[in-house]
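*Asks:* So you can see what is in the structure, the chains are spelled out below.
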Amino acid sequence: MSPVRRWAAPFVLFLLVSSSAWSQSSGELRWGGDAEGGAPFVEADPTDPARIVGFEVDVAQLLAGGLGRRARFVQVGFTSLDAAAARGDFEIGLSGIEDSAARRSRLAVTIPYYEFREILTVRTADGARFRTLADLAGRRVATLGATLAYDLLLLAERDHGVVPVTYEDDVHPYSDLALGRVDAVLLDEVLAKRGVRRNPGLTSQTTPVGVGHYVGILAPQNAALRDRVNDILRRAMANGRLEAIFRRWEMWNDDQPALYSRITSGGDAAPVVASTAAPTSTWDSALRYLPSLVKAAGISLLLSALSMALAVLLGAAIATGRVYGPKPIEIALTAWVELIRGTPLLLQLFVIYFGLATVVQLPAFLAALLGLGINYAAYESEIYRGALQAVPGGQLEAARVLGFSRMQTLRLVRAPQALRLALAPMTNDFVALLKDSSLVSVITVVELTKQTSIFAANIGSWVVPGAMCAVMYLAMSLPLARFARRLEKGWHQ
Amino acid sequence: MTPVLEVEDLYVMRKGQPVVHGVTFHAFRGERVALMGASGAGKTTVLRAIAGLEPQIGGAVSVCRPDVFSVADRRDIQQVERTPRIGMVFQFHNLFEHLTALDNVCLAPVHVGGVPRHDAERQGTALLEQLGVGHRVHARPHELSGGEAQRVAIARALAMKPLLLLMDEPTASLDPTRRDDLAATIRDLSADGTTILISTHDAPFASACVDRVLVMHDGHVVQDGRPQQVL
Chain A
76 MSPVRRWAAP FVLFLLVSSS AWSQSSGELR WGGDAEGGAP FVEADPTDPA
126 RIVGFEVDVA QLLAGGLGRR ARFVQVGFTS LDAAAARGDF EIGLSGIEDS
176 AARRSRLAVT IPYYEFREIL TVRTADGARF RTLADLAGRR VATLGATLAY
226 DLLLLAERDH GVVPVTYEDD VHPYSDLALG RVDAVLLDEV LAKRGVRRNP
276 GLTSQTTPVG VGHYVGILAP QNAALRDRVN DILRRAMANG RLEAIFRRWE
326 MWNDDQPALY SRITSGGDAA PVVASTAAPT STWDSALRYL PSLVKAAGIS
376 LLLSALSMAL AVLLGAAIAT GRVYGPKPIE IALTAWVELI RGTPLLLQLF
426 VIYFGLATVV QLPAFLAALL GLGINYAAYE SEIYRGALQA VPGGQLEAAR
476 VLGFSRMQTL RLVRAPQALR LALAPMTNDF VALLKDSSLV SVITVVELTK
526 QTSIFAANIG SWVVPGAMCA VMYLAMSLPL ARFARRLEKG WHQ
Chain B
290 MTPVLEVEDL YVMRKGQPVV HGVTFHAFRG ERVALMGASG AGKTTVLRAI
340 AGLEPQIGGA VSVCRPDVFS VADRRDIQQV ERTPRIGMVF QFHNLFEHLT
390 ALDNVCLAPV HVGGVPRHDA ERQGTALLEQ LGVGHRVHAR PHELSGGEAQ
440 RVAIARALAM KPLLLLMDEP TASLDPTRRD DLAATIRDLS ADGTTILIST
490 HDAPFASACV DRVLVMHDGH VVQDGRPQQV L
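Protein sequence lines correspond, in order, to chains A and B. Residues in the first sequence are numbered from 76 upward in steps of one, following the working numbering. Residues in the second sequence are numbered from 290 upward in steps of one, following the working numbering.
Since the hints were derived computationally from the structure, they do not count as laboratory data. Beta carbons: idealized from backbone N, C-alpha and C, even for Gly. Careful: at least some of the hints might be erroneous.
Have a look at the derived ranges for each label pair, beta carbon to beta carbon [stated by the list, open to error]:
no. : chain 1 : residue 1 : chain 2 : residue 2 : range
1   : B       : Lys450    : A       : Gly417    : 51 to 59 Å
2   : B       : Gly402    : A       : Pro419    : 46 to 54 Å
3   : A       : Ala392    : B       : Gly402    : 27 to 35 Å
Listed below are several chain A residues computed to face chain B (Cβ distance under 10 Å; list not exhaustive) [as the list claims (entries may be wrong)]:
no. : residue
4   : Gly469
5   : Ser480
6   : Leu487
Take a look, some chain A residues computed to stay more than 10 Å from chain B by CB distance [what the hints assert, rightly or not]:
no. : residue
7   : Asp120
8   : Gln150
9   : Ser250
10  : Arg269
11  : Phe429
12  : Pro438
13  : Pro467
14  : Ala473
15  : Leu553
Please build the complete structure, drawing on both the sequences and the hints.
*Replies:* Encoded structure:
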C-alpha cells in the first residue's frame with residue numbers, strides 16, 4: 076500500500092462513520108421531504124417562508140421528540156426521495172410517501188401512519204358519465220409518475236384502454252383537467268381535495284379506486300432506527316397524538332381509527348400491490364420495461380428530429396434577417412435571440428404549455444416541439460450567422476460582378492458554403508437537443524428520460540435503467556455524428 | 290468610333306476621403322489598357338468602381354452606352370448590383386469554393402443568362418479547354434494551382450461574354466512561362482473584340498500585351514500613352 080493510500084483509507088472511513096454519526100451526536104433527526112409538495116404535506120409557511128409547515132413537519136417533530144432529538148428538514152425532490160434515503164442524505168423520509176411492496180423490498184419502511192383513498196376527479200359536467208376508470212376508455216387520465224395511482228392507471232390502460240398522462244407536480248393535473256386537456260385525475264384524496272378547492276368546476280367521485288398508506292422510509296441498514304420510529308408511531312396512535320396532528324390539518328377521517336387499531340393490535344397494513352409494483356428481479360424488470368423504453372426513445376427521437384427541423388428553418392430565417400435585413404429587423408431579431416438564449420428552456424416550456432393555456436391550449440407534444448424548436452432556433456441562428464459571415468467577401472463580390480441578385484448569391488454561393496461550415500456545430504446541437512428533450516417531461520410528454528425515471532423509481536435503482544437509457548441515447552446520437560462526419564468529409568473532397 | 294468604356298471625372302470616397310480624384314479616360318473595342326502605378330495609387334479602386342463594387346463614387350462610368358451607372362455622389366450599392374457586360378478577374382481569383390471549375394464557369398450563364406445547363410456546360414468546357422485547363426473541369430478551387438485558378442476565373446468571366454474584361458494584378462501568382470501564356474491569351478481575347486483593362490505593377494508584362502498605359506499616382510492619372518512612350 077502506498078503511503079498516500081495508507082493515510083487516505085482511515086481518513087475516508089472516518090468521514091463515512093462521522094457523517095452518519097454526526098446527526099446523532101449533534102442531537103438532530105435529519106428528515107427528508109419535498110417542500111414543493113405543498114400543504115398539507117410540507118410547505119413554506121405563508122406567513123414566514125423561512126419556516127416549513129405541514130402534517131409531515133408535525134410527524135417529524137413527533138418522531139424527533141420521541142428520539143430525544145431536534146428535527147432538521149432536508150429538501151429533496153419528491154422523485155429522488157427513495158434514492159436519497161438509500162444514499163443516507165437523511166435518516167428518514169416523510170413526504171406523503173406511499174407504501175408499496177417494491178419500496179419495502181429495498182428500503183427500511185415504517186409502519187403506515189395514514190390511510191388514503193385513490194380518488195377519481197372529473198369535471199362536474201362529466202360527473203355522471205365518468206364514475207370509474209372503466210368509463211374512461213380512450214380518455215386521458217392524469218396522475219403523478221411513480222405513484223400507486225400511476226400503477227393503477229397502467230392496469231386501467233391494459234384493462235380499459237385508459238390513456239395515462241404523468242405530471243411532475245400535483246397542481247397542473249387539476250388545472251389541465253379544468254382546461255379540458257385531460258378528462259380525469261387519479262390521485263389520493265388529500266391531493267384531490269386541494270385540487271377541487273383550487274379549481275372550480277371539478278368534482279371528486281366518492282367510490283375509491285384504491286387504498287394506500289403513507290409511510291416513512293429509511294436506508295435498509297437503518298432498520299434499528301426504523302424499529303424505534305415504529306414504537307414511537309404506535310405510541311402516538313394509541314395516545315392520540317397522531318390523531319391530533321391529522322385533525323389539525325383536517326385530514327382525520329373514519330379510515331384512520333381502523334388502521335391504527337389494526338396496527339396497535341400487532342397487525343400490519345399490507346401495502347397495496349398493483350401488479351406493476353410487484354417486486355421482481357432487476358433483469359425481469361428491465362425486460363418488462365424494455366418495450367416502453369424503446370417507445371419512449373422513439374418519442375425522444377421523433378420530437379428531437381421535428382424540433383431540429385423547426386430550429387433549422389427558424390434559425391436560417393433569423394440569421395438571414397440579421398445579415399441581410401434592415402436595421403430595425405436586425406435589432407428586433409438580435410433582441411429575440413438574446414431573450415431566448417438568456418432564459419431557461421424549462422421556463423419557456425412552462426410558459427408555452429401552462430402559461431398560454433388560457434389563450435391557446437396546445438397539445439403537449441406540439442408545445443414541446445415548439446418550445447424546443449424555438450429555443451434551439453436562437454442557437455442555430457447564431458451558428459448560421461457566423462457561417463454566412465465566414466464566406467469570403469471576395470466570392471460575394473465576384474457573384475455581384477457576374478450579375479447575381481442578392482437572393483441568388485445567398486442561395487447559390489453563400490448558403491451552400493455556410494451550410495458546410497455549420498454542419499459540425501449543427502450536429503453538436505442536435506445531440507444536445509436530443510438530451511434536452513428530456514426536459515419536456517415537465518409538460519407531460521413521456522420521453523426516454525422520464526420513462527427511465529419511472530422505471531428507476533419502481534425498482535429503486537438507477538443502475539440498470541440508467542445504463543439502458545444511456546445505451547439508447549448513444550444508439551440515437553452516435554450514428555448521427557457518424558453520418559455528419561461522412562457528409563462533411565464528402566463535401567471536402 | 291464610340292468607346293466601349295467611358296470614365297468621366299471619377300471620384301471614389303473611402304471613409305469620407307477621396308482616394309481617386311477626377312479620373313477620366315476612354316477605351317475602345319478590342320483595346321488593351323493597363324493601369325499602372327505604385328501600391329496605393331488607386332489602380333484597383335478604379336477597377337472596382339467600374340465593376341460597381343465601390344459604394345461611394347462620383348462622376349460617371351459607362352460601358353457601351355447607355356450609362357452603367359447614373360451620376361450621383363452617393364449611391365446605394367444595390368443599384369449597381371446587376372452590372373451588364375463587365376467581367377472581372379480578381380487578384381485572388383475569388384472562385385466559388387464549393388463548386389468545381391466547370392460549375393464555377395457555368396453558374397452565371399445558367400442562373401443569370403438563362404442559358405440551358407447543357408449548353409452552358411458545353412460552352413464552359415470549350416472555354417476551359419481554350420484556356421488550357423480542360424483537364425481540370427472537375428477539380429475544386431483548392432485543388433488548382435495559382436495559374437490554373439486564374440484561368441478558371443478568366444473562363445468564368447468570359448462565359449458571360451463581357452464587352453469589358455477587368456483584370457486585377459493578373460500576373461501576381463504566375464511564373465514567367467505562365468505570364469507569357471497570359472499575355473498571349475489577352476491578345477487573343479482583344480482580337481475577338483473584348484476590351485481589356487488591367488491593373489498591374491508588371492511593366493514587362495504590360496509592354497508585352499497592352500496598347501495603352503495609364504499611370505496613376507495618389508488617385509490621379511498622371512500619364513496616358515503607348516507603353517513604349519510611358520514605360
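*Asks:* What are the numbers of the hints that this structure violates, sorted from low to high?
*Replies:* 13 and 14
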